[in-house]
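J.: Sequence:
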Amino acid sequence: RPAAPEFVDDAVAWAQTTYPAAHLDVADAGEGIVTSAIFWGVVDATRHVPSHEAVLLFDRAAFPADKWADMIGSLGIDGLRCEALPDAPLPAVRVATAWGDVRDELGLDDAAADESVSRLKEWVQDVIVDSKVCPFTRSADVAATGLEMAGVRPGPILYPVCGAAGGGGAALARVLRAFWGSAIDLLQEPPEVASTTLLGCPAFAERDHDAFSDMCDAVVKTLKHIGAEKELSLVFFHPDYERARVEPRDAFTHGHLPPQNWLRAYVALTEGFDEAAALTDAQLANADAQRRAPHTMINILRSEQVEAAEAVVPWEVIEPEAGRRVRVSGARVYAKNIYRFAKEAETKTAPDGYAYLVA
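If you count by this note's numbering, then the sequence shown holds residues 31 to 389, one letter each, in order.
Keep in mind that the hints were calculated from the coordinates and are not lab data. Honestly, I wouldn't trust all of these hints.
[What the hints assert, rightly or not] Below, in silico cross-link-like pairs of lysine-lysine (DSS-like), each with a Cα-Cα straight-line distance of 25 angstroms or less: (1) Lys-151 - Lys-162; (2) Lys-162 - Lys-366; (3) Lys-97 - Lys-260; (4) Lys-97 - Lys-251; (5) Lys-373 - Lys-162; (6) Lys-97 - Lys-254; (7) Lys-373 - Lys-97.
Hey, can you work out the whole structure from these sequences and the hints?
T.: Pasting the structure below:
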């Protein structure tokens, strides 16, 4: 339960006295997604106070502020420190950043944001829809089509834009703020009003796969820390997406394609072992094109819709190597995509130089 108002007031007074130069906020600690959105908003706020520090109080006495601080530390975000404050009247953390008064280098105005959305929608139509990557997306504007028998109604796709630029710690923190804010925006609406979200980050980690991978790891760690996988599922995209560079390389990881060395086992399900064996490594690598969007992007899905789709597309058992059997979801959809991109695709290059494949 939330602390009584007088206890919150006492904690606020303590923080104002102990850290007079810090930005101060109180987080609703009863809902992990809300807590996360508030936290990353507070991190961003440190850019605008001279001390570049903030204190965040959590409104529930049992909230594990020490574990929260440890999780933030494990993200390894350059220039960000987070420590629990054991002497505070309520659970609290102190946040300090070394980014200075970092301005939004991109400075996206409405026209530039609209242009990035238009480019992303064109890619969705070309690759996700026309190349049949997702059988439940049949336009760039509506998702969850074809799941009505599973109790899921189609609904609009949201296209928010994050203005984070570069690939450093300040930019990553801004992506995390945009991610958790977008998650709230999605979940506060019914699916028929907001079905799924494509969060575009046009200037984040451009041509920088390592910064992209770090972002993916950070988002997934924050998601798992609060157990939000029950509500949200993720898919990551980048212009230079390479599954072989994503860790772990020989196991599933949240938000990414199956490992590269599992792809023949997938193809064997639908095309047979001989056809799968005949594919070259270069052909199989074309599967990465499914995730090569015009810019960094996170697809935020409702987990209930993913589960409904998995019920429609049966689970299968594949054998990626002799003696190793793995049960996987959506295997035949993946198999068809892998084979189609390996055998039937042609290259289409956009003016800015990224390349993707269209069947």
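J.: The structure should be examined with respect to each hint, and the outcome stated for every one.
T.: Hints and how they fare:
1. Lys-151 - Lys-162: The hint holds at about 15 angstroms.
2. Lys-162 - Lys-366: Within the cut-off at roughly 9 angstroms; holds.
3. Lys-97 - Lys-260: Given pair Lys-97, Lys-260 holds - Cα atoms ~20 angstroms apart, limit 25 angstroms.
4. Lys-97 - Lys-251: holds, 13 angstroms
5. Lys-373 - Lys-162: Holds, at roughly 14 angstroms.
6. Lys-97 - Lys-254: Roughly 13 angstroms between the alpha carbons, so the hint for Lys-97 and Lys-254 holds.
7. Lys-373 - Lys-97: The given pair, whose Cα atoms are some 49 angstroms apart, is violated under the 25 angstroms limit.
In this structure, the one hint that does not hold is number 7.
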